[in-house]
Amino acid sequence: MPEETQSGTTVLHLNESRCEGYGFCEERAAELVRLDEDGHLHLLVDRVAPEQLDMAQKAVRSCPVAALRLESAGA
Amino acid sequence: MTASRRIVIVGASIAGITAAEELRAGGFDGTITLIGDETEQPYSKPPLSKAFLAGEETDDDIRLPDLDHLGIDLIVGMTAHGLDRDRRRVLLDGDDVTYDGLVIATGARAATLQDRGRNPDGLDETVLRTADDARALRSLLVGGHRLTVIGGGILGMEIASTAAAAGMEVTVIGTTTPMLAALGQYVSQLILDRAIAAGVMYTVAPEGAVLEAVGRRKRVRTADQTIESDAVVTAVGCVPNVAWLRDSGLAVSPGLIVDERCRVTSDIVAAGDVVSLQGAPRTPHWSSALAQGRAAAAALLRGDDSAPHVARPYFWTHQFDLSLKVAGERIPDHDPELLDGDLADLTALWRWSTDDRPVAAVALNRPISISRLHAHAGQA
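The listed protein sequences derive, respectively, from chains A and B. Taken in order, the first sequence gives residues 1 to 75; the numbers are from the working numbering. Taken in order, the second sequence gives residues 1001 to 1380; the numbers are from the working numbering.
Quick caveat, the hints were computed from the structure, so don't treat them as lab data. For each residue, glycine too, the CB sits at the ideal point set by N, CA and C. Be a bit skeptical, because a hint or two may be false.
[Said to hold, decoys possible] Sample of chain B residues at the chain A side, in silico, Cβ under 10 Å: (1) Ile1017; (2) Glu1022; (3) Arg1024; (4) Ala1025; (5) Phe1028; (6) Glu1040; (7) Ser1044; (8) Lys1045; (9) Pro1046; (10) Asp1060; (11) Ile1062; (12) Leu1064; (13) Tyr1314; (14) Trp1316; (15) His1318; (16) Ser1323.
The shape of chain A in the complex, shown without the other chains (with noise of 0.2 Å):
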């Protein structure tokens, strides 16, 4: 995966169904993901900036459900 991220870009994506609102994601990434007050999340950034991979890979580690994917895309 890194190689990829210093070539392409990283984009998160959340999958709607799967999402269960716990917010432990929100616990360790809150710029980049933010559990509004009815309980749904919204992604703050399409595209994860490398500062901010770690981040994001603990937010995707977080999720008791897998609601959330890192995946490369194409610059």
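Once you've looked at the hints, dock chain B against the given chain A.
The following block gives chain B in isolation, referenced to the frame of chain A:
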């Protein structure tokens, strides 16, 4: 401890992995060796009794994202069987491994009736703890067959729910009404009502159940009835995986005891289901594993300069038509205050108070962030 060159983490589930992440985030650039006793890549356990058990989710769905970017040596399929603290060695089946700092995150195993002397014939017990357990149990979920679930706690009820949805005739035997110890009488009664509405038979047997052989089949006996079924699953809690520490001299009851920073000794920390925070009852939940994994890593790197771990109990469950999120210490048995929602359409935000002080909050069938639920429960 910043001088540590090699940190070994025993246990490759969410607590151990979180600790690994936090060690790197905290600037540790030495070797991290993460050792798991299962042969498969690390995965998330909460779906095992729900969508994964139902067959709605695959192995890929529950897989935890890979750790490649963290530069971690992951060893799977290796069981630690001893700890030599004097020589700082974890004893493995193959080569032993030495450490400068150690994270113990060995989790817990399923408790059995055998543990409690309630399986006199020594029958194999079906339990649910690992992905392999879930796959085996899934093969027993056959529409029209009868399943007996021993245990009316969170796991037993989630299994009952999944099995009922698969068309099984399900009987649950609990020592109390469902999840009474965790949720109090009010919510316990609601769960019982919804379980019955879903076709589940629920039996309260305060003295518990005994598993017996009848020919080649299993039978469950309580004080006042005998239950025959096609399959029996034991869901009577979990036991911390501390047997490998028996000669270590560490205090392991009711779990591996840690201080307020998740430290066991100056060079050993611990996190997750194996842990007892300062001798308190264990809190084997996802949220505890995350918080303790972070605290343990910080304590290993920064010692007394790390922030103490603040336990904020939180867990959730999905069963029948109920999705419950729970924050707080112990829910009192009295009726809660309804802050929002409408029980007629099965939505609610409840709060319990003791002496006018909020102590617990539960959200039913509505999304709410952990921090907001904690705020309702009086936990800053």
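Results of checking the hints against the structure:
no.: 1; hint: Ile1017; in the structure: holds, 7 Å
no.: 2; hint: Glu1022; in the structure: holds, 9 Å
no.: 3; hint: Arg1024; in the structure: holds, 8 Å
no.: 4; hint: Ala1025; in the structure: holds, 7 Å
no.: 5; hint: Phe1028; in the structure: violated, 13 Å
no.: 6; hint: Glu1040; in the structure: violated, 15 Å
no.: 7; hint: Ser1044; in the structure: holds, 6 Å
no.: 8; hint: Lys1045; in the structure: holds, 8 Å
no.: 9; hint: Pro1046; in the structure: holds, 4 Å
no.: 10; hint: Asp1060; in the structure: holds, 9 Å
no.: 11; hint: Ile1062; in the structure: holds, 7 Å
no.: 12; hint: Leu1064; in the structure: holds, 6 Å
no.: 13; hint: Tyr1314; in the structure: holds, 9 Å
no.: 14; hint: Trp1316; in the structure: holds, 7 Å
no.: 15; hint: His1318; in the structure: holds, 8 Å
no.: 16; hint: Ser1323; in the structure: holds, 7 Å
Of the hints listed earlier, those the structure fails to meet are numbers 5 and 6, in rising order.
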